[in-house]
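Chemist: Based on the sequences and whatever the hints tell you, model everything.
In order, the protein sequences belong to chains A and B. Using the working numbering, the first residue of the first sequence is number 1, and each one after it goes up by one. Using the working numbering, the first residue of the second sequence is number 1, and each one after it goes up by one.
Quick caveat, the hints were computed from the structure, so don't treat them as lab data. Where hints are given, some of them may not hold.
Not the full set, but computed from the structure, chain B residues with beta-carbon under 7 angstroms of chain A [unchecked claim]:
(1) Phe22
(2) Ser115
(3) Asp172
A virtual CB, placed ideally from N, CA and C, is assigned to each residue, including glycine.
Protein chains: 2
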Amino acid sequence: MTSPTSGRPPGRPRAGVTAEVFAATLSTVHELGYARATVDRIAAAAGVAKTTIYRRWPTKGALVVDCLLDAFGPVPLEGTDRAELMASAIRWIAAKVGEPGVGDAFAGVFSDAVSDPELRVILAGRLQEPYRLALRDALGEPDSRILFFIDVVVGALLHRMGMTGEPMVESDVTALVEMVLSYYDGGTCPA
Amino acid sequence: MTSPTSGRPPGRPRAGVTAEVFAATLSTVHELGYARATVDRIAAAAGVAKTTIYRRWPTKGALVVDCLLDAFGPVPLEGTDRAELMASAIRWIAAKVGEPGVGDAFAGVFSDAVSDPELRVILAGRLQEPYRLALRDALGEPDSRILFFIDVVVGALLHRMGMTGEPMVESDVTALVEMVLSYYDGGTCPA
DNA sequence: GATTTACGCTACCTTAGGTATCGATACCTC
DNA sequence: GAGGTATCGATACCTAAGGTAGCGTAAATC
Numbered sequence: 001m002t003s004p005t006s007g008r009p010p011g012r013p014r015a016g017v018t019a020e021v022f023a024a025t026l027s028t029v030h031e032l033g034y035a036r037a038t039v040d041r042i043a044a045a046a047g048v049a050k051t052t053i054y055r056r057w058p059t060k061g062a063l064v065v066d067c068l069l070d071a072f073g074p075v076p077l078e079g080t081d082r083a084e085l086m087a088s089a090i091r092w093i094a095a096k097v098g099e100p101g102v103g104d105a106f107a108g109v110f111s112d113a114v115s116d117p118e119l120r121v122i123l124a125g126r127l128q129e130p131y132r133l134a135l136r137d138a139l140g141e142p143d144s145r146i147l148f149f150i151d152v153v154v155g156a157l158l159h160r161m162g163m164t165g166e167p168m169v170e171s172d173v174t175a176l177v178e179m180v181l182s183y184y185d186g187g188t189c190p191a
Numbered sequence: 001m002t003s004p005t006s007g008r009p010p011g012r013p014r015a016g017v018t019a020e021v022f023a024a025t026l027s028t029v030h031e032l033g034y035a036r037a038t039v040d041r042i043a044a045a046a047g048v049a050k051t052t053i054y055r056r057w058p059t060k061g062a063l064v065v066d067c068l069l070d071a072f073g074p075v076p077l078e079g080t081d082r083a084e085l086m087a088s089a090i091r092w093i094a095a096k097v098g099e100p101g102v103g104d105a106f107a108g109v110f111s112d113a114v115s116d117p118e119l120r121v122i123l124a125g126r127l128q129e130p131y132r133l134a135l136r137d138a139l140g141e142p143d144s145r146i147l148f149f150i151d152v153v154v155g156a157l158l159h160r161m162g163m164t165g166e167p168m169v170e171s172d173v174t175a176l177v178e179m180v181l182s183y184y185d186g187g188t189c190p191a
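Modeler: Structure below.
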């Protein structure tokens with residue numbers, strides 16, 4: 001649906017539009033914030049007509065979700081044991097949220113999804129679901145614990161971003177890693 | 001500013017308007033979600049003119065913040081030791097977010113605040129600040145740890161609400177309490 | 001060269017936040 | 001009781017922004 005590179009276009013799909021729009025979306029959101037990053041402005045920044053964007057993505061929210069999916073890429077699940085895996089995942093998402101535009105965009109779509117059930121389905125299904133599955137397979141925890149893990153980590157990062165406008169600092173990310181690991185990995189007891 | 005009961009009105013301030021508007025705000029948000037709960041609809045539900053609302057609150061966000069402040073009330077910091085205090089605070093805010101309308105309204109303003117610096121100031125200063133101070137005094141933790149505590153707890157609750165549309169279930173609240181306490185209160189080590 | 005397809009452009013619709021104005025009504029003071 | 005004052009309700013309005021429709025056009029494919 002939203003992937004324009006499929007179907008072998010006979011006309012002139014102007015290769016590279018998607019990448020340009022994604023870049024324009026992030027930079028515009030970074031500059032103006034999510035709400036002020038209107039589709040008109042994003043289109044202008046991408047050197048593209050507004051209608052072209054709406055031909056490829058049904059809503060602004062869907063565009064941003066796809067943009068985030070592209071910006072995030074796959075979770076780098078590095079490490080041999082569970083603790084290392086979880087720590088790397090937390091530090092990865094924290095770093096991503098800290099990238100200019102990404103954090104604002106993420107918080108923004110999330111915001112919109114709160115009162116928009118359709119967007120919520122897109123956000124949860126298209127963005128969260130792949131990472132949920134990857135984490136579940138890698139960590140071997142039950143579904144409910146994976147969802148809880150995501151709630152705590154992503155929730156804390158977004159809350160900091162939303163309340164202060166700035167991403168979480170390094171020391172707090174470390175605290176987050178310690179807190180989550182001590183819970184999932186059996187306590188901070190040195191013995 | 002937003003408190004109409006001060007100043008001894010010479011005219012006819014029609015006592016009870018604030019309470020009616022608050023109730024209408026929560027019920028409308030509960031029914032339709034934050035975005036669809038327009039000021040027009042809230043005004044209609046409260047039996048009040050839209051202009052009356054804008055005479056008392058500068059923006060929709062400010063109205064909802066005041067409404068939440070009223071709905072939350074003071075934190076009941078019960079318990080003798082720190083662990084009990086933290087647990088009661090977590091369960092209190094979790095229960096509040098679970099009340100019909102409150103969670104949606106909270107997630108909604110939070111959302112708006114992401115791309116609205118003025119609203120962010122109102123939200124952080126008027127809603128979060130009192131609780132931050134109360135927690136700091138009661139727990140005796142440094143400011144950064146209190147903010148981190150709030151980020152984790154409120155962030156997780158809002159993330160669950162935003163992603164699923166439903167408040168966090170009891171078992172997850174319990175997990176949240178355990179996780180936070182084991183971190184702030186020295187590990188789950190039985191020794 | 002004809003068809004197909006996506007693009008740019010312009011114009012437009014709708015919703016919703018927020019403002020301005022005016023007349024009515026209640027209260028308080030004199 | 002008369003007059004001033006402040007708030008309320010109603011209507012009308014402005015603006016920004018999401019989203020749509022229609023038209024002409026440029027480019028690949030056949």
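Chemist: None of the hints should be skipped; say for each whether it holds.
Modeler: Hint check:
The criterion of a C-beta within 7 angstroms of any C-beta in chain A is not met by Phe22(B), whose closest approach is roughly 19 angstroms, and the hint is violated. Proximity of Ser115(B) to chain A holds as hinted, the smallest CB-CB distance being about 4 angstroms (cut-off 7 angstroms). For the restraint placing Asp172(B) at the interface with chain A, the shortest Cβ-Cβ distance is roughly 5 angstroms, inside the 7 angstroms limit, so the hint holds.
In terms of the numbered hints stated before, the structure departs from hint 1 and from no other.
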